[in-house]
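Trainee: Chains as they are written, first to last, in this note's numbering: chain A, 1 to 83; chain B, 1001 to 1083; chain C, 2001 to 2148; chain D, 3001 to 3148.
Please note that a few of the clues may not be correct.
[Unchecked claim] The calculated DSS-like cross-link candidates involving lysine-lysine, where the alpha carbons are at most 27 angstroms apart (straight line), are:
hint: 1; chain 1: D; residue 1: K3040; chain 2: A; residue 2: K54
hint: 2; chain 1: D; residue 1: K3135; chain 2: A; residue 2: K44
hint: 3; chain 1: A; residue 1: K51; chain 2: D; residue 2: K3135
hint: 4; chain 1: C; residue 1: K2068; chain 2: C; residue 2: K2007
hint: 5; chain 1: C; residue 1: K2128; chain 2: C; residue 2: K2068
hint: 6; chain 1: B; residue 1: K1049; chain 2: C; residue 2: K2128
hint: 7; chain 1: C; residue 1: K2141; chain 2: B; residue 2: K1051
hint: 8; chain 1: C; residue 1: K2068; chain 2: C; residue 2: K2122
hint: 9; chain 1: C; residue 1: K2084; chain 2: B; residue 2: K1051
hint: 10; chain 1: A; residue 1: K44; chain 2: D; residue 2: K3141
hint: 11; chain 1: A; residue 1: K45; chain 2: A; residue 2: K70
hint: 12; chain 1: D; residue 1: K3135; chain 2: C; residue 2: K2140
hint: 13; chain 1: A; residue 1: K44; chain 2: A; residue 2: K15
hint: 14; chain 1: C; residue 1: K2040; chain 2: C; residue 2: K2007
hint: 15; chain 1: C; residue 1: K2040; chain 2: B; residue 2: K1054
hint: 16; chain 1: C; residue 1: K2133; chain 2: B; residue 2: K1051
hint: 17; chain 1: A; residue 1: K4; chain 2: D; residue 2: K3068
hint: 18; chain 1: C; residue 1: K2128; chain 2: B; residue 2: K1015
hint: 19; chain 1: C; residue 1: K2056; chain 2: B; residue 2: K1054
hint: 20; chain 1: A; residue 1: K54; chain 2: D; residue 2: K3141
hint: 21; chain 1: B; residue 1: K1049; chain 2: C; residue 2: K2040
hint: 22; chain 1: C; residue 1: K2133; chain 2: C; residue 2: K2122
hint: 23; chain 1: C; residue 1: K2068; chain 2: D; residue 2: K3141
hint: 24; chain 1: D; residue 1: K3141; chain 2: A; residue 2: K49
hint: 25; chain 1: B; residue 1: K1044; chain 2: C; residue 2: K2135
hint: 26; chain 1: C; residue 1: K2140; chain 2: B; residue 2: K1044
hint: 27; chain 1: D; residue 1: K3056; chain 2: A; residue 2: K51
hint: 28; chain 1: C; residue 1: K2141; chain 2: D; residue 2: K3059
[To be verified] Chain A residues, not near chain D, derived (Cβ > 10 angstroms throughout):
hint: 29; residue: K4
hint: 30; residue: W8
hint: 31; residue: I13
hint: 32; residue: E18
hint: 33; residue: E25
hint: 34; residue: G30
hint: 35; residue: D40
hint: 36; residue: K44
hint: 37; residue: Q59
hint: 38; residue: N65
No lab work stands behind these hints: they were computed from the structure. All residues carry an ideal CB built from backbone N, CA and C; glycine is no exception.
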Amino acid sequence: MNLKYFAWIAEIIDKREESLEIPSEIETIGQLIDYLSSIDEAYKKAFEKRKNIKFAVNQVLVNENELISKADEVAFFPPMTGG
Amino acid sequence: MNLKYFAWIAEIIDKREESLEIPSEIETIGQLIDYLSSIDEAYKKAFEKRKNIKFAVNQVLVNENELISKADEVAFFPPMTGG
Amino acid sequence: MDINITKDDFDLTEEIEIFNQNSSDHGAVSIFLGKVRPEKNLESMQIDCYPEMAQKEIKNIAKIAYSKWSLDNIRIIHRYGSLKPKDNIVLVVTGSSHRSDCMSANEFIMDFLKSSAPFWKKEIYSDKEVWVKQKESDLKKLYQYGSF
Amino acid sequence: MDINITKDDFDLTEEIEIFNQNSSDHGAVSIFLGKVRPEKNLESMQIDCYPEMAQKEIKNIAKIAYSKWSLDNIRIIHRYGSLKPKDNIVLVVTGSSHRSDCMSANEFIMDFLKSSAPFWKKEIYSDKEVWVKQKESDLKKLYQYGSF
């Protein structure tokens, strides 16, 4: 699965992008966050305050229950502050 | 008194500006319009529909009861359509 | 504050440059540019103007805008005379620290220019000449601002 | 409709020229220019961006604007990367026959860009670095538009 991180989330994880093998039982974004948080402290710290994190699957904003699959591009970022 | 006319009012009166001796008993714009309408058909026609006419004394929008004096610049024009 | 009532055309870039030079540092700039809208058979737009009053009235509108919003600078240009389709008529530039101030002030200024600045438009078509009538909808826009 | 997500600076005049070339004949043009607001000790503004999503999201905002107002053309530029105080960040140009359409659409687009386009600002001061927080007031602005 292709994962992307932005803003302070990318800083904490210290990566902007990575390709990860995700166990097949991970079906939703929520589960993906739990899984990542369990394998490394950096993810755990980045995803600590869930309410401050937004996610997009294939560049479309979704909620935690969105189903994901291997071919997806999943992005994690804080609330937007553009303009 | 210095009188100015704009837009279709100037077209009907066929003047954009004139200096006129006004009888001293004329004290308000309303009276001035009545007086002008009485001395010439062109003024009468121009001022026929009073509601369509606005006036300014010394470049400030006023109503018909505004007092006027010899030294004033009095302007007559239709509702504005700028911008 | 810069107000220019003129027969001459203006160049958007030059005007923005002058605006920036005369402004303190702002983060947001709102610009409105009004042009002669091309319409079928429209040959020209004649704009009559009472320049001395226009200067006073627009200055007054700008002062009210300054009092209602937090603005760094205002620049207003309004042309008169004979204009062709697509020619510039009016430019309003407002600058502020935050976007909502300059956007709201820009709209306010345009709303008042339309109905309270002494300009009168006449459309010259190939077959007729028409003095533009004041729109009820333009007057209604002014009510939202209340009195001041 | 032109949407440009870029690190490069833009020139207002050139952008307006391109806008006019790509537009049918409109009488009214509304422009919003957002810049890095100079603040005490602010050295730069780092703007992080998810370009592929930004392109999609802004296109979507523009499409909604087209459906809500009568518009001739929309041009949106949003920069990312490292910017200095006074540098251009965002440009929104909207054209329409009547001023209220392009003005309202311009504000709508800016309101949505602020809170729904994937950009994140970090202010680099001489003594600290601060990720800009989303403003409650910016979110509230979106409520006025209802759902669509």
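Trainee: The structure should be examined with respect to each hint, and the outcome stated for every one.
Mentor: Hints versus structure:
{"no.": "1", "hint": "D:K3040 with A:K54", "verdict": "violated (31 angstroms)"}
{"no.": "2", "hint": "D:K3135 with A:K44", "verdict": "holds (26 angstroms)"}
{"no.": "3", "hint": "A:K51 with D:K3135", "verdict": "holds (15 angstroms)"}
{"no.": "4", "hint": "C:K2068 with C:K2007", "verdict": "violated (30 angstroms)"}
{"no.": "5", "hint": "C:K2128 with C:K2068", "verdict": "violated (42 angstroms)"}
{"no.": "6", "hint": "B:K1049 with C:K2128", "verdict": "holds (23 angstroms)"}
{"no.": "7", "hint": "C:K2141 with B:K1051", "verdict": "holds (21 angstroms)"}
{"no.": "8", "hint": "C:K2068 with C:K2122", "verdict": "violated (33 angstroms)"}
{"no.": "9", "hint": "C:K2084 with B:K1051", "verdict": "violated (31 angstroms)"}
{"no.": "10", "hint": "A:K44 with D:K3141", "verdict": "violated (33 angstroms)"}
{"no.": "11", "hint": "A:K45 with A:K70", "verdict": "holds (24 angstroms)"}
{"no.": "12", "hint": "D:K3135 with C:K2140", "verdict": "violated (33 angstroms)"}
{"no.": "13", "hint": "A:K44 with A:K15", "verdict": "holds (14 angstroms)"}
{"no.": "14", "hint": "C:K2040 with C:K2007", "verdict": "holds (24 angstroms)"}
{"no.": "15", "hint": "C:K2040 with B:K1054", "verdict": "violated (31 angstroms)"}
{"no.": "16", "hint": "C:K2133 with B:K1051", "verdict": "holds (13 angstroms)"}
{"no.": "17", "hint": "A:K4 with D:K3068", "verdict": "violated (33 angstroms)"}
{"no.": "18", "hint": "C:K2128 with B:K1015", "verdict": "holds (22 angstroms)"}
{"no.": "19", "hint": "C:K2056 with B:K1054", "verdict": "holds (16 angstroms)"}
{"no.": "20", "hint": "A:K54 with D:K3141", "verdict": "holds (20 angstroms)"}
{"no.": "21", "hint": "B:K1049 with C:K2040", "verdict": "violated (31 angstroms)"}
{"no.": "22", "hint": "C:K2133 with C:K2122", "verdict": "holds (9 angstroms)"}
{"no.": "23", "hint": "C:K2068 with D:K3141", "verdict": "holds (19 angstroms)"}
{"no.": "24", "hint": "D:K3141 with A:K49", "verdict": "holds (25 angstroms)"}
{"no.": "25", "hint": "B:K1044 with C:K2135", "verdict": "holds (26 angstroms)"}
{"no.": "26", "hint": "C:K2140 with B:K1044", "verdict": "violated (31 angstroms)"}
{"no.": "27", "hint": "D:K3056 with A:K51", "verdict": "holds (24 angstroms)"}
{"no.": "28", "hint": "C:K2141 with D:K3059", "verdict": "violated (30 angstroms)"}
{"no.": "29", "hint": "K4", "verdict": "violated (7 angstroms)"}
{"no.": "30", "hint": "W8", "verdict": "violated (5 angstroms)"}
{"no.": "31", "hint": "I13", "verdict": "holds (13 angstroms)"}
{"no.": "32", "hint": "E18", "verdict": "holds (15 angstroms)"}
{"no.": "33", "hint": "E25", "verdict": "holds (27 angstroms)"}
{"no.": "34", "hint": "G30", "verdict": "holds (20 angstroms)"}
{"no.": "35", "hint": "D40", "verdict": "holds (22 angstroms)"}
{"no.": "36", "hint": "K44", "verdict": "holds (19 angstroms)"}
{"no.": "37", "hint": "Q59", "verdict": "violated (4 angstroms)"}
{"no.": "38", "hint": "N65", "verdict": "holds (20 angstroms)"}
Checked against the numbered hints above, the structure breaks hints 1, 4, 5, 8, 9, 10, 12, 15, 17, 21, 26, 28, 29, 30, 37 and satisfies the rest.
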